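*Asks:* Here is what each chain is made of, one letter per residue.
Number of protein chains: 2
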Amino acid sequence: MWILRLNMTDRSYKIEEVPERYKQLGGRAMTSTLIHDEVDPQAHPLGPNNKLVFAPGLLAGTSAPSSGRMSVGGKSPLTGGIKESNVGSEWSAAMARMGLKAVVVEGQPADESFWTVHIAYKEGKPVVEFQQADEYVGQDLYDVYPMLYEKLSNKVQVAAIGTSGELKYANSGIAFNDMHKGPTRYAGRGGLGAVMGSKGLKFLILDAADTPRVEMANPELFREGQKKMREALMEHAITKPQGGLNTYGTAILINILNEAGGLPTRNFRSGRFEGAADIAGEAIFESNKERMGKEIYNHGCSPGCTIQCSNTLYDENCEEIVSCVEYESDWALGANCGIANLDAIGRMIKLCNGYGLDTIETGVTIGVVMDSGMIEFGDEQGTLDLIEQMGKGTPVGRLLGMGAADVAKAFGNPRSPTVKGQAMPAYEPRAVKGIGVTYATTTMGADHTAGYTIAPEILSVGGESDPLQADKAKADLSRGFQSTTALIDSSGHCLFIAFAILDIPSGFEGLIDEINGMLGTNMTQEEAVETGAEVLRLERAFNEKAGFTNADDRLPEFMKYEKLPPHNVVADLSDEVMDSVYGEL
Amino acid sequence: MWILRLNMTDRSYKIEEVPERYKQLGGRAMTSTLIHDEVDPQAHPLGPNNKLVFAPGLLAGTSAPSSGRMSVGGKSPLTGGIKESNVGSEWSAAMARMGLKAVVVEGQPADESFWTVHIAYKEGKPVVEFQQADEYVGQDLYDVYPMLYEKLSNKVQVAAIGTSGELKYANSGIAFNDMHKGPTRYAGRGGLGAVMGSKGLKFLILDAADTPRVEMANPELFREGQKKMREALMEHAITKPQGGLNTYGTAILINILNEAGGLPTRNFRSGRFEGAADIAGEAIFESNKERMGKEIYNHGCSPGCTIQCSNTLYDENCEEIVSCVEYESDWALGANCGIANLDAIGRMIKLCNGYGLDTIETGVTIGVVMDSGMIEFGDEQGTLDLIEQMGKGTPVGRLLGMGAADVAKAFGNPRSPTVKGQAMPAYEPRAVKGIGVTYATTTMGADHTAGYTIAPEILSVGGESDPLQADKAKADLSRGFQSTTALIDSSGHCLFIAFAILDIPSGFEGLIDEINGMLGTNMTQEEAVETGAEVLRLERAFNEKAGFTNADDRLPEFMKYEKLPPHNVVADLSDEVMDSVYGEL
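Those protein sequences? They're chains A and B, same order as listed. Residue 492 in my numbering sits at position 492 of the first sequence, and the numbers go up by one each step. Residue 449 in my numbering sits at position 449 of the second sequence, and the numbers go up by one each step.
If you're looking for bench data, these hints aren't it; they were derived computationally from the structure. Quick caveat: nothing in here was measured; it's all calculated off a predicted structure. Don't be surprised by glycine CBs; every beta carbon is placed ideally from N, CA and C. There is no bait here: all hints are sound.
Facing chain B, from chain A, some residues (calculated, C-beta under 10 Å):
{"#": "1", "residue": "D40"}
{"#": "2", "residue": "P41"}
{"#": "3", "residue": "Q42"}
{"#": "4", "residue": "G47"}
{"#": "5", "residue": "L167"}
{"#": "6", "residue": "K168"}
{"#": "7", "residue": "L400"}
{"#": "8", "residue": "K409"}
{"#": "9", "residue": "A410"}
{"#": "10", "residue": "F411"}
{"#": "11", "residue": "P414"}
{"#": "12", "residue": "G547"}
Derived EDC-like pairs (lysine to aspartate or glutamate); straight-line CA-CA distance at most 16 Å:
{"#": "13", "chain 1": "B", "residue 1": "K472", "chain 2": "B", "residue 2": "D579"}
{"#": "14", "chain 1": "B", "residue 1": "K23", "chain 2": "B", "residue 2": "D37"}
{"#": "15", "chain 1": "A", "residue 1": "K125", "chain 2": "A", "residue 2": "D207"}
{"#": "16", "chain 1": "A", "residue 1": "K545", "chain 2": "B", "residue 2": "E544"}
{"#": "17", "chain 1": "A", "residue 1": "K289", "chain 2": "A", "residue 2": "D315"}
{"#": "18", "chain 1": "B", "residue 1": "K289", "chain 2": "B", "residue 2": "E316"}
{"#": "19", "chain 1": "A", "residue 1": "K289", "chain 2": "A", "residue 2": "E320"}
{"#": "20", "chain 1": "B", "residue 1": "K181", "chain 2": "B", "residue 2": "D143"}
{"#": "21", "chain 1": "B", "residue 1": "K472", "chain 2": "B", "residue 2": "D572"}
{"#": "22", "chain 1": "B", "residue 1": "K122", "chain 2": "B", "residue 2": "D210"}
{"#": "23", "chain 1": "A", "residue 1": "K294", "chain 2": "A", "residue 2": "E319"}
{"#": "24", "chain 1": "B", "residue 1": "K545", "chain 2": "B", "residue 2": "D40"}
{"#": "25", "chain 1": "A", "residue 1": "K560", "chain 2": "B", "residue 2": "D40"}
{"#": "26", "chain 1": "B", "residue 1": "K545", "chain 2": "A", "residue 2": "D579"}
{"#": "27", "chain 1": "B", "residue 1": "K545", "chain 2": "A", "residue 2": "E576"}
{"#": "28", "chain 1": "A", "residue 1": "K181", "chain 2": "A", "residue 2": "D207"}
{"#": "29", "chain 1": "A", "residue 1": "K545", "chain 2": "B", "residue 2": "D579"}
{"#": "30", "chain 1": "A", "residue 1": "K545", "chain 2": "B", "residue 2": "E576"}
{"#": "31", "chain 1": "B", "residue 1": "K545", "chain 2": "A", "residue 2": "D575"}
{"#": "32", "chain 1": "A", "residue 1": "K545", "chain 2": "B", "residue 2": "D575"}
{"#": "33", "chain 1": "B", "residue 1": "K155", "chain 2": "B", "residue 2": "D207"}
{"#": "34", "chain 1": "B", "residue 1": "K181", "chain 2": "B", "residue 2": "E150"}
{"#": "35", "chain 1": "B", "residue 1": "K289", "chain 2": "B", "residue 2": "E319"}
{"#": "36", "chain 1": "B", "residue 1": "K560", "chain 2": "A", "residue 2": "D40"}
{"#": "37", "chain 1": "A", "residue 1": "K122", "chain 2": "A", "residue 2": "D207"}
{"#": "38", "chain 1": "B", "residue 1": "K23", "chain 2": "B", "residue 2": "E215"}
{"#": "39", "chain 1": "B", "residue 1": "K545", "chain 2": "A", "residue 2": "E544"}
{"#": "40", "chain 1": "B", "residue 1": "K350", "chain 2": "B", "residue 2": "E388"}
Let the sequences and hints guide you as you build the complete structure.
*Replies:* Structure representation (structure tokens):
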């Protein structure tokens, strides 16, 4: 197994055997450990001393179900802290089959040139070529991907930045091809597209033809685990075929959160949106059924996924508007902007994909713009225009490309729904207290995936926790979820396995068996979760050296004095509760 | 003596006797202690829980020479830390005569209304009136001030925000009238205009008619001190009449710093500017002489100033272009933008004054814009256009109004010459190491006035220190200057007395005698400087609670790897040296 280092200063590369310290790491554990070990926490995120790391999950390339997620890591230009951004694609398996534990992108060109790095596999080793890519700069990724695939084999995997990354926006993700070779799978959060752009890396291409199977230490144990995991996923109501996610996609959450009074609406002015039903997962399913004349179930982001939660939104002529409409994108550009028109939201998402913009950061940014009076809430055309300006790099677009926190600053608006500079996702922390603890304390900036307490607080999965209860138990809940999440993010499993393994104990056993089978270890469940906690500690240590303190682990002040309808609640967890999350880790 | 509290939420006010803790404080000591004691360090700078404090220096209203400076304090929207912004005007004496130790502005209107607060003096007490001021919003302060003065007595003092403060820019100062009732004296740094704007306070007006003399505890000791101070100021080559400052203004430093290779040029790409002589103080003097047909010496910013360093720049028709052209403004919009045209620079400064923009932050912001390729270095018309957009609040203007650090972020440009979010002034920290220590460590963000080591490093005042020497001595030098400066900023004296009192020991004795005479104390020189150190400790404590750490006490990373011509030097002082400044305070 290799660590491949790409030197973008002189376009050379180096292949290293994986050192002992990294042998048992995958995904987030790999990216965060490497960034912790090698990047000066005070380095400028877009300077020559930051690094960008791609790492497949530990189980990548195996038959573990829904294990096609990988991690991209670096110091974030959005938060100024460490960042792991997670994505599902064919990529992860391809990296694993090529023996790549990590690709580390280093240095930067002295000029502003852009490059393609093409990684093939010959005689048991990766082989790297650098090519000029300036001709692709400035174009929509929906145009660029077909051009690339026409030129290359249809079997390669392509990671790319859009114009947002070229322009080095703090709001810029990294695109990975979906199973139809479109630019729609995103390591979206935290501005890693800009880090890739700052290194002059436009495309990273993997050609995994003629690669061997992934090896594991104990195939039998792995197979046992894999079976338990599969059974749990196939049984649980949320994850089973034609279950909640497969039928309605992640946007099934719109109605649920709206009902709970926790769907942030019009830049977090309310927890309830009168147009929720019109943009909900159910509405997507029904609209498609009516337009396509049949029930359409969802597809996967990566091979071997049994959950298959990715939808496609079709227009009146049965043409695809976009794939897919995630809950977060739907909410950010919908409820949060006062927009209840699904087709318009789909077109906005497509623009974001084409430019490489994070849909959450974009929707929250535009919500702040609306809250500040530049355009009205509900203005669909205005929103489309602003996203276009972002993609094209007009001065207004550059302003918005900085992300929600800075746009709030530009308008002198204290109503900035952000933590550590990153926009909050689709759960109101005043109405769902546990997720507020996660937003405030995770090393990532406001991020629901870092510790998804929504499971017990809203979905009655993995127990029950009253969302409005404001006490120390929420810190314990968030801490537990954050550690377990770091383990899942390192395994390469999709976070959605959590629904099944929290409710079905044999599913959790399956996860541990898979990992032990892969590594030849003998970890207990507690020991495995402790490896997740260790990842958090490294991330936290990095952030502390970068200048973060407990004062950064706070919800925005306006949420402490502004009551959120319909429950009329404020952010009322004490600083001590927040500080106990990492204080007691 | 009173503390006057203005409640902008309901437009009421309260007059309090000065509590014991505050009785011996003035200027910066007053603003920083009050902010430390009363403002939550985690409050949003533009939210209802920040406060804005106006405080005259301790010696305000007395005959101490050059003691007409005052302080404005608050939590800064630019740095996120505590801020004291210092200004010379007739204001300080007027406040003192009205018995006002501090005016504290609290709360904010629920709507976006703007108000005038008119403070008169009747029967030994301030009397306050609130009036709507919406009719003045959106206008140039050069138009507004004459309108106000026509309406009111010519004897009132007016503090105001321009459009930049109304728009709540992080780059927005507070204007105070000069001795000709123009809007040209600025508490410019740190965005306190936005804090005033967020409180809906457009004008703060003082009517100090029929006010008594300022009382002091030991008039005889004060008079002795005042005499020593005056003699020192009249003797020193820099501060005496028709000396360096009175003849050439602060811009006398252009040629000196250029010679030393420490004049930041084209966004800190060089320490030497080929056009320096064309924009130097000598050029201003010669241009005026030629155009006006006589030698013109400078005037004071406040009554009783013996230094009188404020110039006026005249055009070919003997009309005033602007007053005054300070070294910092001249450099920021000149050398730093590659512009060598004095008249154009004068017009840029006038625009900044009219809109309430800090000239340093504006010039460095535009330098970053040029460095990022949006306009070319040297583009005079482009610069004028951008400043106009800032004043008018176009989206581009709003972007630039965020200040240099954020504009660098918007352009993904690591070459951001800022510390703690505040733009560096006119001394290159790679070429003048001591001032780099001050930039990095002061509680204020990059600020030369916080510890002006230029005196020994460049001017051979108060000893000599090789500007290129990189060792621990620079930390000790900066620490000493920072403490003494905090004392001077609290006294109400102009910082320029430092030239005289550092070289002439009886001058320093005079300062201490003045203060002891005022307060009836018996402090030694060391004890007095220790009160300055105590102010720094309070400021530092506030910043720590706001989330600052040693990691914020650093020069920008690019200065560590990019060599600065002509000396080809980098920022090479260790983190340990930086941390010893406050570590050993």
